[in-house]
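A.B. asks: Assemble the complex: chain X is given as a structure, and chains Z, G and D must be docked to it using the hints.
4 protein chains.
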Amino acid sequence: MASGVELTVPVYRLKGSGHGPSVYIQANIHGAEVQGNAVIYQLLEVLQRQELYGDITLVPYANPVGCNHKNGEYTLGRFDPITGVNWNRMYHFNQALPGKFVETFPDADTSTILETFQQWMLDDIDDQLDHNIFGLTTGRRIAYQLQRMALQADLVLDLHTGPISSKHLYCPEYARQSASFFDIPHTILIPNDFAGALDESTFCPWWDLQQAYKNIGRDLSFNKESFTVELGSQELIDLDEALVDAQSILSYLQAKGSIADNGFEPQEMTRYGCYLKDYKVFYSPMGGMVDYLGEFGQPLAAGQPLARILRMDNYGDPDANPLHYLTLDQTVIPILHFASASVNQGTELYKLFSNYFELKK
Amino acid sequence: MASGVELTVPVYRLKGSGHGPSVYIQANIHGAEVQGNAVIYQLLEVLQRQELYGDITLVPYANPVGCNHKNGEYTLGRFDPITGVNWNRMYHFNQALPGKFVETFPDADTSTILETFQQWMLDDIDDQLDHNIFGLTTGRRIAYQLQRMALQADLVLDLHTGPISSKHLYCPEYARQSASFFDIPHTILIPNDFAGALDESTFCPWWDLQQAYKNIGRDLSFNKESFTVELGSQELIDLDEALVDAQSILSYLQAKGSIADNGFEPQEMTRYGCYLKDYKVFYSPMGGMVDYLGEFGQPLAAGQPLARILRMDNYGDPDANPLHYLTLDQTVIPILHFASASVNQGTELYKLFSNYFELKK
Amino acid sequence: MASGVELTVPVYRLKGSGHGPSVYIQANIHGAEVQGNAVIYQLLEVLQRQELYGDITLVPYANPVGCNHKNGEYTLGRFDPITGVNWNRMYHFNQALPGKFVETFPDADTSTILETFQQWMLDDIDDQLDHNIFGLTTGRRIAYQLQRMALQADLVLDLHTGPISSKHLYCPEYARQSASFFDIPHTILIPNDFAGALDESTFCPWWDLQQAYKNIGRDLSFNKESFTVELGSQELIDLDEALVDAQSILSYLQAKGSIADNGFEPQEMTRYGCYLKDYKVFYSPMGGMVDYLGEFGQPLAAGQPLARILRMDNYGDPDANPLHYLTLDQTVIPILHFASASVNQGTELYKLFSNYFELKK
Amino acid sequence: MASGVELTVPVYRLKGSGHGPSVYIQANIHGAEVQGNAVIYQLLEVLQRQELYGDITLVPYANPVGCNHKNGEYTLGRFDPITGVNWNRMYHFNQALPGKFVETFPDADTSTILETFQQWMLDDIDDQLDHNIFGLTTGRRIAYQLQRMALQADLVLDLHTGPISSKHLYCPEYARQSASFFDIPHTILIPNDFAGALDESTFCPWWDLQQAYKNIGRDLSFNKESFTVELGSQELIDLDEALVDAQSILSYLQAKGSIADNGFEPQEMTRYGCYLKDYKVFYSPMGGMVDYLGEFGQPLAAGQPLARILRMDNYGDPDANPLHYLTLDQTVIPILHFASASVNQGTELYKLFSNYFELKK
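Chains as they are written, first to last, in our numbering: chain X, 1 to 361; chain Z, 1 to 361; chain G, 1 to 361; chain D, 1 to 361.
No wet-lab data here; the hints were simulated from the structure. Do not take every clue at face value.
Below 25 Å or equal to it, Euclidean Cα-Cα: the simulated SDA-like pairs (lysine to any residue) are [said to hold, decoys possible]:
hint, chain 1, residue 1, chain 2, residue 2
1, X, K277, G, R140
2, X, K280, G, F134
3, G, K280, X, I125
4, G, K15, D, N314
5, G, K277, X, N94
6, Z, K277, D, V85
7, G, K277, X, F93
8, G, K280, X, L129
9, D, K277, Z, N86
10, Z, K256, Z, Q118
11, D, K280, Z, N94
12, Z, K280, D, V85
13, D, K280, Z, F134
14, G, K277, X, I125
15, D, K277, Z, Q128
16, D, K15, G, R140
17, D, K277, Z, D127
18, G, K280, X, I133
19, G, K280, X, K280
20, Z, K277, D, L129
Just so it is clear, the structure is predicted and the values come from calculations on it, not from any experiment.
So that you can see chain X by itself, here it is in the shape it has in the complex:
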């Protein structure tokens, strides 16, 4: 930083016996999304009493610039205060790598592929970090250093929260079976398109590599999975709830064989999925002050009010209305809403599942 302060990030590495998939878990890449740090605390507390099959790396406070940056009372949520760029859109992705790799190693065995392709990706990241005469943005430097660690794991969990939000999960389409191991009732299934986030930056290369081998007639599977786990609302620390969320993650790790079986089972619940293209943002049609009505996680029938907007400037005006009810003409499930009651026309009011379906195990 300007005064010469060096910001560092604590990294906890737990050693496994080596016969299970390795794990990387980070929290707080967005400044206001702090609850993941509490989940990592609870995970560390529980994991020291478990038998680990895979190495587990845990990184709280992943973005020390973001998590120390106050704008008024609140922590600035989602973007670099200087550039406006979302901290979770700065990971690296080299589209050309998988094709070039398959060309170079058309016949390699799976374990050679796993090891060598990982090394290619690490070298590619190192190139970005170290060999750029014009330098690198603050956000990319942070992101690439984290991604360097994440790329060395088989399973990647990026712990986030929404603004005011229920729990939900971003899951690659191919890994939908794994969504049911988490105690999270709502899952967004995301396609193999890189848009800058950590989960995409770690699973897309392997998905692409699999496709590239398929194109030359080989049907391989690399058992790499990445999830963005949305733990609830931002600006909150709740250590008791963090223990609940830690249990949910342990259930996933046990199911994947990263830790020994010790009774970490997913809860029974109805789980809903929807495709990313059907995960809709509802923008406010007007400025005003919002009484949010749509209950999280519950189907809201067409025509039922999602919110009502107070417009005191319209009070007493015969041609206007001080209360506007917002509805949709289809059934949706509200997942999260904006953090503030004051909105402009065009503010992202709600995020909603549309065309959702039940996720079966």
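C.D. replies: Just chains Z, G and D, lined up with the frame of chain X:
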């Protein structure tokens, strides 16, 4: 504003029959404290079916600069974004006025005093607004225009909220009897010291005037009261709760004779008071992420934890602790806490009643 | 906005005789980049004494949300304070439109194409503005409304400034001949790739359309040009300099036949160009406080210091240096630098021409 | 901070021979006012070749919270981003101390007074820092720790800058003779009123003590002086100009006998003074965009334009004017102006000397 946009404020004036005290109610002088607008909405809905004895003026969105100013997702809470000055510390107070008035009108009757002193104050405000060759700050211009309206009423209510907060009331010491008309369990009794806020700027001059007459042997009473009503948490609009708060205000207005008796009675509840000097701010002894534990409105025994602070950077350090419990060595009642879980050393963590007592009617 | 204030934008339309290309000029889409408003003022003053061949539309304060948004003393420069999205990356572009158009009208004459394709684009924008059940972001609504006006003109000028900056011009590669009509010594030649900005959103569709017709063997030209004109530094109004810049724009308009010949000629100067890919950002290799040394517009030889960074925390440390000189190993021309002396590692320090060349008329 | 990062401040202590007054110099208590760090750099470079009579303590980056806090591209200038409180209004002042001291030590000799009263003040500060069960704000903790060092020196210099500003000096009225040792043409003479700043917090107690001894008939002098040195504009580092300012400070230190005579002499220049009450803020009478015209440091005759405000929304309106010239009806000297061209009604536009006079040595 810079682009030439003119910001205006809606003012609703309801005419009374003239044989009860007049009322001024404003909301949202602090940008993020929006719930008062919803209370004014509910008051307007109810009042149009009541018989009014005094004139009632209602001003939502009292500070249009503040309530439209976003810093990230949130509305900037409490101060002018350019100068840092608290929007509720810019009202006018002329300490010399009461003394000069009593010198000029030592023998005037009460109604002449009421009318003439009010006019002196209005003229004084107008002087500030209009005859200042070097101009006036943004905040003072807004404050003085509001104060001009407030000074014309007998009863003044300034609707605020805390950051994350229970309901509480700021009440002048001399008006403590009136605190029990509100459905608010916690009251801070404030002395006759002007510190810049609207309530003080409207009751202190009259209190001083009363003292000044007492000094020349006249014992007068002017029946002026001003309160800051803290409705709960900022960044929230809840129209149902607003109706509850409107009922509480109507109970006060009925008790004071501003509206006809129509069954608006205060709820039975234990009401606690504390003096302003005992309304304590508890500052965080360290930076970290806070799990707020102290329950609002409930006495917290000495030694019970107010909050615990998570310090993941200390995890695994044998000389440090990742969880710090914060306690006090006296019983307090937590009233509100900071809006964010991320704090620096020295952040205002909690506001607390100490040395509190039961307020009897 | 939240309080119900409606923000509007002044639009000035000057009617031409109709036998010259029409013009659209806007300013201040980025909040802090205000000098374009002064240029529009001076253009309006001069244009009322000129003979106009084409219609001219001028829009100052194009983004009233941005230009009224203060963060501390400064106006928030470049992005939506809520979402972080750059205000100049939200224009609309429908990649499929040109291909579909050529399929539908393979043999239409040029004037039909000009009129009909423009109408297609306007209809497409209207669709976005009006037929979106989930609504539209604040920034897109502003951008689309501006773009709707810009798409109706032949020549589009978007007036910007850098942070602390010399004058420079963004010019489509195909229109490089026109760069010499402006009194601007440095021009960035941009390819036909849409990245969200107004200039791209208005010239790319026509460039694509031209290519699509070329693909079916027709060689058409539509005489559409769009430029981003960077007037110097942000946070400054200088009406005298604005008159100089207005003359430069008038010289372009006269050269294109939008106004009658009245002696508006470009100044003699050496003009340099560089391709967008060679317009480099230099990121700070460390946090610290920067003494900017590289002079704008002058070639800086390899090895000459671009800046020196003060690191007082290193003072007296035998292993570190309180002053770091930043150099490059190639000749560059500094065009602009960061607005503040305090930088983090990774802050965008300078933008530079590399591999530049002289632009001949 | 929230992530556990500890912010520290570098402190440089140079040892003197002990027969001259000791010196404390700090810089950058306001985040954006960085040039003082460069002056401290140049002072350190020069001082290591000088003979020191008094100890000299130099503290750059005095406020590491402020100087690392970005709001958009700029560093947040003057206040705590959470509370809005000006970082330079949080120093400690105990009005009762001097009176109590004189009561306790009515007959002590000067050197006992100097030593013991200093110790009283240090103990008082330590009490605030360490014995406060409810804690201390971030800003007070920073301020008190700095003040603790400053109180141990005889001469205190607090290095600041204005927003966009000429050089000027805040000087206690009793120390006006010393103003002429600095190469600064404009001096504000401040009375003995504590308003929260470092200079006041260090000289007011001694001034009060002197008065208290005078009241019992002793006429003592303590040779304590404190100045706020305004170096020019914020957000700028200029190492060459910093050397010029270092020379000016060395001239003062030589004159006071803190360093050996080595030819550091003040420049010949006309120096102007004005009393604090005549140092006027001119607030903008309207929102708009400002072309600042008043030249710093030069008397501006009554009626001459200080600035012109562009209001494009008025263009073409027969009842309004797009350009407003701002004038005063008295001669003033503009000293600094606001940092941005975009202003609201009521923004602090200029600070001006009125009723100024020539300061003679």
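A.B. asks: Please go over all the hints and tell whether each is borne out by the structure.
C.D. replies: Here's how the hints hold up against the structure:
1. For the hint linking X/K277 to G/R140, the alpha-carbon distance of about 19 Å falls within 25 Å, and the restraint holds.
2. Proximity of X/K280 to G/F134 is assessed by CA-CA distance (about 7 Å); at most 25 Å being required, the pair is judged to hold.
3. Using a Cα cut-off of 25 Å, the hinted pair G/K280 and X/I125 holds, with the two alpha carbons roughly 20 Å apart.
4. For the proposed pair G/K15 and D/N314, the alpha carbon gap of about 20 Å is at most 25 Å, so the pair holds.
5. Restraint check for G/K277 and X/N94: satisfied, since their Cα atoms lie roughly 18 Å apart, inside the 25 Å limit.
6. Restraint check for Z/K277 and D/V85: satisfied, since their Cα atoms lie roughly 20 Å apart, inside the 25 Å limit.
7. For the hint pairing G/K277 with X/F93, the CA-to-CA distance comes to about 19 Å; that is within 25 Å, so the pair holds.
8. In summary, the hint linking G/K280 to X/L129 is supported, as the alpha carbons are separated by about 17 Å, within the 25 Å threshold.
9. The straight-line distance between the Cα atoms of D/K277 and Z/N86 is roughly 23 Å, inside the 25 Å bound, and the hint therefore holds.
10. Between Z/K256 and Z/Q118, the direct Cα distance comes to roughly 20 Å. Compliance with the 25 Å bound is thereby established for this hinted pair.
11. Under the criterion of a C-alpha separation no larger than 25 Å, the hint pairing D/K280 with Z/N94 is consistent with the structure, at around 21 Å.
12. Under the criterion of a C-alpha separation no larger than 25 Å, the hint pairing Z/K280 with D/V85 is consistent with the structure, at around 18 Å.
13. Using a Cα cut-off of 25 Å, the hinted pair D/K280 and Z/F134 holds, with the two alpha carbons roughly 7 Å apart.
14. The hinted pair formed by G/K277 and X/I125 meets the criterion: a straight-line CA distance of about 21 Å does not exceed 25 Å.
15. Taking the CA atoms of D/K277 and Z/Q128, the gap is near 17 Å; set against the 25 Å cutoff, the hint holds.
16. The suggested pairing of D/K15 with G/R140 is violated, with an alpha-carbon distance near 62 Å, which exceeds 25 Å.
17. Our distance criterion of 25 Å between C-alpha atoms is met by D/K277 and Z/D127, whose separation comes to about 19 Å.
18. Only pairs whose Cα atoms come within 25 Å are accepted, and G/K280 paired with X/I133 is accepted, the gap being roughly 10 Å.
19. Distance check on the hinted pair: G/K280 and X/K280 sit about 37 Å apart at the alpha-carbon level, beyond 25 Å; violated.
20. Of the supplied pair hints, the one linking Z/K277 and D/L129 holds, its CA atoms being roughly 20 Å apart against a limit of 25 Å.
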